[in-house]
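Colleague: Following the hints, put chain B in place on chain A, whose structure we already have.
Each chain, written out:
2 protein chains.
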Amino acid sequence: MVNKPLFLNEEQVRQHLRMVDLIPAMEKALIDFSAGKVTQPVRSVIKIDPPGGFLGLMPALTPDGLGLKAVTFYPSNAERRIPTHMATIFLVDPETGTPLAIMDGRLITEMRTAAVSAAATKLLAPPDAKILAVLGSGVQARSHVEALRLVRKFEEIRVWSPTRQHAEQFAKEIRGKAMSAEDAVRGADVVVTVTNSKAPVMKGSWLKRGSHVNAIGACRPN
Amino acid sequence: MVNKPLFLNEEQVRQHLRMVDLIPAMEKALIDFSAGKVTQPVRSVIKIDPPGGFLGLMPALTPDGLGLKAVTFYPSNAERRIPTHMATIFLVDPETGTPLAIMDGRLITEMRTAAVSAAATKLLAPPDAKILAVLGSGVQARSHVEALRLVRKFEEIRVWSPTRQHAEQFAKEIRGKAMSAEDAVRGADVVVTVTNSKAPVMKGSWLKRGSHVNAIGACRPN
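Top line first, the protein sequences correspond to chains A and B. The opening position of the first sequence corresponds to residue 1 in my numbering, with each subsequent residue numbered one higher. The opening position of the second sequence corresponds to residue 1 in my numbering, with each subsequent residue numbered one higher.
Simulated from the structure, these hints should not be mistaken for lab results. Being a predicted model, the structure only gives us computed values, none of them experimental. All residues carry an ideal CB built from backbone N, CA and C; glycine is no exception. Only true hints are included.
DEER-style ranges, computed between Cβ atoms: (1) A/Gly187 / B/Asp32: 56 to 64 angstroms; (2) A/Gln40 / B/Asp128: 49 to 57 angstroms; (3) B/Ile31 / A/Leu150: 51 to 59 angstroms; (4) A/Gly187 / B/Asp49: 50 to 58 angstroms; (5) B/Val45 / A/Ala25: 25 to 33 angstroms; (6) A/Leu6 / B/Leu30: 32 to 40 angstroms.
Subject to a maximum C-alpha distance of 30 angstroms in a straight line, what follows is the list of computed DSS-like cross-link-like pairs (lysine-lysine): (7) B/Lys4 / A/Lys4; (8) A/Lys4 / A/Lys69; (9) A/Lys37 / B/Lys47.
Here are some, though not all, of the chain B residues that point toward chain A, as calculated from beta-carbon distances under 10 angstroms: (10) Thr39; (11) Pro51; (12) Met86; (13) Pro94; (14) Glu95.
With the rest of the complex left out, here is chain A (with noise of 0.2 angstroms):
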C-alpha cells in the first residue's frame, strides 16, 4: 500500500522553513525557470462572486519536485479578521505520482513573495543601498522588511499606509518612520508596494534614479 502523505500545519511550516535558506531556494526556481527547466501552466482562477473571492491553481514540475499550490483571496476577510490569502501545497513525488506532502500555504505564501523580492533585490539594487521605504503595512510588508533585511544593510526604513495608524504601529514594530508616501519614497534607494490598492500609491516622478521597485500584487487583469 502506498503510505499516507506527510501533514504540515501553518506552525510546523513556521517552525522549519527560515527566510535565509528561502532566498537562495528562490533564485535557484528563477534560474531554472529562466533555463527552460520549469513547466508551469498559466493558473486557473475560479471566481466566488458573493462574497467576492478568488480559488487559483498554480501547479508546476521543476527539477526538484512536482506539486501545486491552491490558493485563495478573499479581501472581505479582512472584516472578519481571517487571513485575505490562504494556501494549501501539495507535493507529489514525479516518479510514481504517489502524494508525498500536503502543507499549509498561508506562511509560505507570505514568506516565499518577499524572498523572490529579495533574491531580486540583491541582484537589482544599488549595493549600498541605506534606505528602504516600504508602501504598506500588513504581511507583505512584515514579510519584506524580515527578507531585504537580509540582502541589504539598511539605514533607514520608511513607512506609509492608507492608514495613518497602521504605519506608525508599523513603523515602531520595525523600528522605522511613519510619513507620507511621497516622503518615503523620494531618495529611497529600494522602495517596496505592498497594498491591495488598485489605484496607483506613488509616483515614478518621486523616484531617486537608480533606485529599485518591487511591486507586489496586481495578480488579476483589473
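Modeller: Relative to the frame of chain A, chain B by itself:
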C-alpha cells in the same frame, strides 16, 4: 486563528463513502452542471516524461461547495504494483476560502467514475436490462459491477479482459462468465469498456439494438 483542515486517508474515506449514496449525488452534480450552476474550468495537465506520467488539476465551484481534485496517472505504476491513478481532493469554504478538508482521492475517483456510469445507465439503459458485458478486469471493472448492480437487476455478467487469466479471476469474484470480447458484447443490454487500451476493444456491429454503452477512459487526446 483558522482551524486546521480535516484530513481523511483512504481507509477513512472507505468507511464513510457508500455507492448507494454516491449515485444520486452524481445525478445531482450532472443536473447542476447541465443547468449552468457549476463553474468548472478546463483541467490543466502537466506531463512528466520520463517516466510518462500526468498530473491533472480539476477545480470546480458548485451550489454545494468549492474545491479541486489533483489526480496523477502513471501507467508504469502497474509494473511496480502500485495504483496507476492516485488523487487528492481538497475542499474549501466558498464563503472565506478557508481550507476545510483534504481527502485521499484514489477511492473516491474509483467509485465516482462508476457512480456516474450508474447514473447514466439508470436513465438511459433498457429498464429490463438483464445482461451486462464488462470489457476489462481492473479497479474500474470491479467498481462498475458494484455500481451497475444497484440500478439494474442483471441475470448474467460477462467478462473479457486482454489477459485471459485476469478475466477468469474477475469473473469468479463477481459470479460472472469469462469469454471473448465479441461473445460478451453480442446480446448484452449494457456494455462497459474499462481497459487502458488505446486500440478499440469492441466493434459497433457487435452491439444489440437498444443496448447502452458506458465507455470509460480516453481522457487525453491520443
